[in-house]
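Student: The residues making up each chain are set out below.
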Amino acid sequence: MMKAGLLGSMRRTPYQTIGVVLSLSISFTVLFIFVSAILFLTKLSDYIKTQPQVSVYFSKATPQSEIFKLRQELMSTQKVRDVKYISQEQALVFYKQITRNEPILQEMATKESLPASLEVYALQPEYLEELAAYAKKNPGVESVEFQQDVVNNLIKVTNGITYGATLFLTAQFLIVFFLVFMTSTFKIMRRKDEIEILRLLGASRMFITKPLMQEGFLMNLLSVMVSVVLVTSGFLALSGMLNSFLFGVPNLTLAQIGPVAFNVWPINIYYLGLMTLVTLIVGNIVTTLATIFAASKYIS
Amino acid sequence: MIILDHVTKQYGAGSFALQDSSFSVTDGEFVFIIGPSGAGKTTLLRFIMRELLPDTGTITVDGEVISDPKFKKTEELRKKIGAIFQNFKIIQEKRVIENIAVSLEIMGIQNIHEEAMNALSLVGIADKALFFPLQLSAGELQRLAIARAIAGGRNIILADEPTGNVDPVTSWEIVKLFKKIHTDNRTILFATHSADIVNALKKRVIVMKQGKLIKDLKKAGYNLDITP
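Protein sequences, first through last, are from chains G and B.
For the first sequence, the numbering used here begins at 2 and goes up steadily by one.
For the second sequence, the numbering used here begins at 166 and goes up steadily by one.
None of these hints come from the bench; they were simulated from the model.
Predicted model, so just to flag it, every value in this text is computed and none were measured.
We put the beta carbon where it would ideally sit given N, CA and C, even for glycine.
Hints should not be assumed to be uniformly reliable.
[Claimed, not checked] From the derived model, a few chain G residues whose C-beta atoms are all more than 12 Å from chain B:
id, residue
1, ASP47
2, ASN153
3, THR167
4, VAL229
5, TYR299
[What the hints assert, rightly or not] Okay, derived cross-link-like pairs now, DSS-like style, lysine-lysine, Cα gap no bigger than 27 Å in a straight line:
id, chain 1, residue 1, chain 2, residue 2
6, G, LYS211, B, LYS245
7, B, LYS244, G, LYS193
8, B, LYS254, B, LYS341
9, B, LYS235, G, LYS193
10, B, LYS245, B, LYS235
11, G, LYS85, G, LYS70
12, B, LYS259, G, LYS211
13, B, LYS344, B, LYS374
14, B, LYS345, B, LYS383
15, G, LYS298, B, LYS235
16, B, LYS383, B, LYS344
17, G, LYS298, B, LYS238
18, B, LYS244, G, LYS211
19, B, LYS259, G, LYS193
20, G, LYS298, B, LYS244
21, G, LYS80, G, LYS138
22, G, LYS211, B, LYS254
23, G, LYS193, B, LYS254
24, B, LYS344, B, LYS245
25, G, LYS193, B, LYS245
[What the hints assert, rightly or not] Facing chain G, a subset of chain B residues (Cβ under 10 Å, in silico):
id, residue
26, THR239
27, ARG243
28, ILE246
29, PHE250
30, LYS254
31, ILE255
32, LYS259
33, ASN264
34, ARG313
Required output: the full structure, derived from the provided sequences and hints.
Tutor: Quick look at the structure:
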């Protein structure tokens, strides 16, 4: 009887229901995309930070003791997380791994042709320039390469998107809140006589509000489903372009529970499931609050 | 038991909805509240429903002072009361049985369908259970309101001019129905301006005029004339 009443109520105001579901779907789709973008960039930035950020290449004549001395000096700056020494032998192994599909290049390489190096992992990206400058001063150093621009740009983009998204998502939540608030208010007004009768029969506020909350939940569920379909279709349609654009970016895992990995790149079914659940919960909290707020304001 | 003790409600300067009225109704009693329009009958019933609060005086229902502004159990109070209104107050979007069911659901009754059908059978419209209110006559609507009021064992029935919107024949059928539902533990307050009904049933009568309780006739066998 309750379900029939719920669907009946939605059927009685079909355009309003469709309007609300579509508006909520757009809000949830935007939320989905922004949150995924922020998570992706954060994870990508974390990944890049795990890569050698400053590579210091030494001239072939530099003795190992000189290299170790510089490593010790860099470690003592308190600005590095780790410094790895790559000997000429190890460099050759890496080179062969990288060029395993190119036999000619492999044949040409010898350990003498490759420089020994230090791979410096900074504690903060802001230290990269200073560390590179310090290393350059060493007479045995031939060249220094670092990824400051990449990291800095990534940080700027991530911060920008996070700030923008925070404002945008706040606005979206307010839109969802007021949309549901207005819908609930409209329904309360439309059912004014019925509510008056129910109150005279002894119905509590919750008894009257519950169907509105259930309706809000149903509209929320429909909207989340529509947004999941939109996001999944969009992702599938753009996956070719994204794959080529983000070539080389490994699996970025948000969380791992046993064998289940929630990958933010490439987006997998578990991640979609998690985001659906989160959106459903968050959406439901917002719609429930809006309904309770409308009910407390208009059901006397 | 319902007790009104020196209850007054004033709407404007010199305009009293109820003026220093006192009376009590014991459990299981059938009381007519009679008087012309504007006498304060509806106000009196609204006080007992706690739709209105008096300016002065106290109202007690089953030992609880419901006129206290801090009284928190209005919903519990209303679950004891079955109200019948002149304009029926039936939910138009719900079927006949659903109108009863929602009342039972509010009361927390378990076997809703069975209880609802019993109430409909008692008032003689069980065959209309699946009808919508729009498909019922005025008399049937009032029967539905009575069924809703008695369903689930609400033991105080407040009827505000229940025959006001129906033809004379149906009026008498409704009155007979009230006689039928007046079981031992059910208290009935029946507001009307029809002296004929009162005279026919020979129950206790409280006569009101311009917000004042002017007579409380506790013995049967009178012949009232309430012409203003």
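Student: If any of the earlier hints don't hold here, list their numbers in rising order.
Tutor: none
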